Amino acid sequence: MDSSADTARLSPKNAPDGAQVLAITGNLDATGVAALWDQATNAAARSRGGLTVDASGVSGCDGAGMALLLEMRRLAEAGGASFRLDGLQERFAALYDQFSPADIVPSDAGVRKPSLPVEVGRKAYGLLDDIVSLVAFVGEFSLAVVKALGNPRRVRWKDALAVAETAGANAVPIIVLIGFLMGLIMSFQSAMPLRQFGAEIFVANLLGLSLLRELGPLVTAIILAGRSGSAFAAEIGTMTVNEEISALVTMGLDPVRFLVVTRVLAAMAMTPLLTMFFNIAGLIGGALVMLSLGYPLVSFINQVHMSVTLGDMLGGLFKSAAFGLLVCAIGCQRGLRTRGGASAVGNATTSAVVSGIILIAVCDGVFAVVFYVLGW
Amino acid sequence: MTDAMTDAIIEVKNLTVGYGEKIILQRVSFSVRRGEVFVILGGSGCGKSTLLKSMIGLTPPMAGGVRINGRNIVTARGRERKNILRSFGVMYQSGALFGSMSLLENITLPLEEYTRLPRAAREAVARMKLKLVGLSGSELKIPSELSGGMQKRAAIARAMALDPGILFLDEPQAGLDPVTSAGLDELILTLSKKLGITFVIVTHELPSIYAVADRVIMLDGRTRGIIAEGAPAELRDHSDNPWVRQFFNREAEHTA
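Top line first, the protein sequences correspond to chains A and B.
Note that the first sequence covers residues 0 to 375 in numbering that gives the first Met the number 0.
Note that the second sequence covers residues 0 to 255 in numbering that gives the first Met the number 0.
These aren't lab readings, by the way, just hints derived from the structure by calculation.
Every value quoted in this text rests on a predicted model; they were computed, and no experiment measured them.
For every residue, glycine included, the Cβ atom is placed at its ideal position computed from N, Cα and C.
Be careful, since some hints might not be right.
Stated by the list, open to error - Here are the computed distance ranges between Cβ atoms for each label pair:
{"#": "1", "chain 1": "A", "residue 1": "D85", "chain 2": "B", "residue 2": "R76", "range": "28 to 34 Å"}
{"#": "2", "chain 1": "A", "residue 1": "G125", "chain 2": "B", "residue 2": "L139", "range": "42 to 48 Å"}
{"#": "3", "chain 1": "A", "residue 1": "I300", "chain 2": "B", "residue 2": "G19", "range": "52 to 58 Å"}
{"#": "4", "chain 1": "A", "residue 1": "V117", "chain 2": "B", "residue 2": "A119", "range": "25 to 31 Å"}
{"#": "5", "chain 1": "B", "residue 1": "P177", "chain 2": "A", "residue 2": "V248", "range": "53 to 59 Å"}
{"#": "6", "chain 1": "A", "residue 1": "F317", "chain 2": "B", "residue 2": "M61", "range": "58 to 64 Å"}
{"#": "7", "chain 1": "A", "residue 1": "E243", "chain 2": "B", "residue 2": "V178", "range": "42 to 48 Å"}
{"#": "8", "chain 1": "B", "residue 1": "F97", "chain 2": "A", "residue 2": "P113", "range": "21 to 27 Å"}
All chains, full assembly: derive it from the sequences and hints.
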């Protein structure tokens, strides 16, 4: 604490009987100790016959200084030498006596890295555990939905409306922007090669089919996963960490009915609407490119009208509702499974987005096969 | 006591704090002497924690100044502010240990950032701090594996990492059982006597106030200022303010 104190110094002296004497002088604060540490500990580790530290010149000594003296003593004694500390001022000695070298022994024992089989086993068990809890969650959720449909007045529609606003209405700008840009870029990119064959007008077919059947639902769901799936996981995860979920449970309220059903139903209702916004914005983008290539608007609209059926659109909207269900349910499930502190909430959020996107991709594949078999 | 030990280490002058339009404390002045255990108390919601927050530089006051070791933390910027911050440690109400780090890492973090001590030295210092608060052997645990009392003691150990001359404790005994709470009181007394650390404690646990406090100030939400100052036993028996006597004798307020 004394700012005017002298810098710490270490000077070895050889005592007549062969034992080593180290004189330490100056202020043993963090700065002084940092400069001395390696030199002093090396000297202590090398002392064979016995080590005496002459501390009569120490003018100040804080926690770092104590640690240095103790470490020297520990190293000397570990090497079989005796250790003596001379001349330490009374006010520091009282504190020094509080500790023994055993207090600062590094304990590496507890942090051994697990072997490969252990690691693999642990990961596999974690995966299995995850799947089991997912199955349990699907069951709980279905039950809660069935109950909610049986008794719609018990659903908290006010909460659902709030979720519909944040997850649905507030997402319209980004959905429209991305849809518009994707339509614009896709039609421009495909118009260039098609122009070589004089077939630019088929850009309308390509854009209409790919947007309505595939890209609209898919991209909307991915945006939903990033915007709302993560938000649900973080919110419910924080509630779990803060014991708010426990409070719900002890009040006799089922957190799945209370939190998850409202969120998932609201998001499921919103996703097809968002997909419609995406589709329309994409088609407007495409129309803009076609206009710039010299085609009148009406021929673009006609071409789209001829190439896509109502079934294409409804199939796409049905898919997007399914994606919305998956993304939001997994977000809520990750949130409910959160254990621990701040970093666990982060993990839950990451996992919600990653699992959400994986589920979307898998589910999309399933839909592709089903639609093919049904001949849609 | 010599003169050097009675001088003021913290001086609060005409401090006015509040949020937005609402003034919580108005023109509060007091000083904390070097080496004493100073307790800030008062009813719920009277601005104890707000006062503490502006003393440690988290909430800028609306007016007035806080001098720590003679330097004003309100106006200090950059390096000077950093130096002031280094001169004290803070224990937050819930511990505020970093949940993803072990106790050892929690304590070595400030040492790593502020000093050039080698790793072995940092860990030796951290182990000593843990020993001081009675947590030897728990250094590799993460905070969520500890009980509430252990977390608070670990938080004190972390606050002491850089050997500050002042420790601010925000409700250290809240939520602890009487035995653990008494253990914490003992720890505070030991640290204050052995290391000469100045303590500024926000609390309303009467038994610990009697056990540790050299001097208390009592804040009042209605007058937005200090209504009593002195040794706790003195205030209990001789205060001319009935509300202060009620507080210290733990009586309910009968006149609404």
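Do the hints match the structure? See the list:
1. In this structure the supplied range 28 to 34 Å is violated for A:D85 paired with B:R76, their Cβ-Cβ distance being about 46 Å.
2. Range check, A:G125 to B:L139: Cβ separation about 22 Å, and the 42 to 48 Å hint is violated.
3. Between A:I300 and B:G19 the C-beta distance comes to about 55 Å, which sits within the given range of 52 to 58 Å.
4. Taking 25 to 31 Å as the suggested C-beta distance range, the pair A:V117 and B:A119 conforms, at roughly 29 Å.
5. Evaluation of the 53 to 59 Å hint for B:P177 and A:V248 yields a failure: the beta carbon distance comes to about 30 Å.
6. Roughly 59 Å separates the CB atoms of A:F317 and B:M61, a value that falls within the hinted 58 to 64 Å.
7. The hinted window of 42 to 48 Å between A:E243 and B:V178 is violated, with their beta carbons roughly 30 Å apart.
8. The hint said 21 to 27 Å for the Cβ distance between B:F97 and A:P113, and at roughly 24 Å that hint holds.
Taken one by one, the earlier hints fail for this structure at numbers 1, 2, 5 and 7, listed in ascending order.
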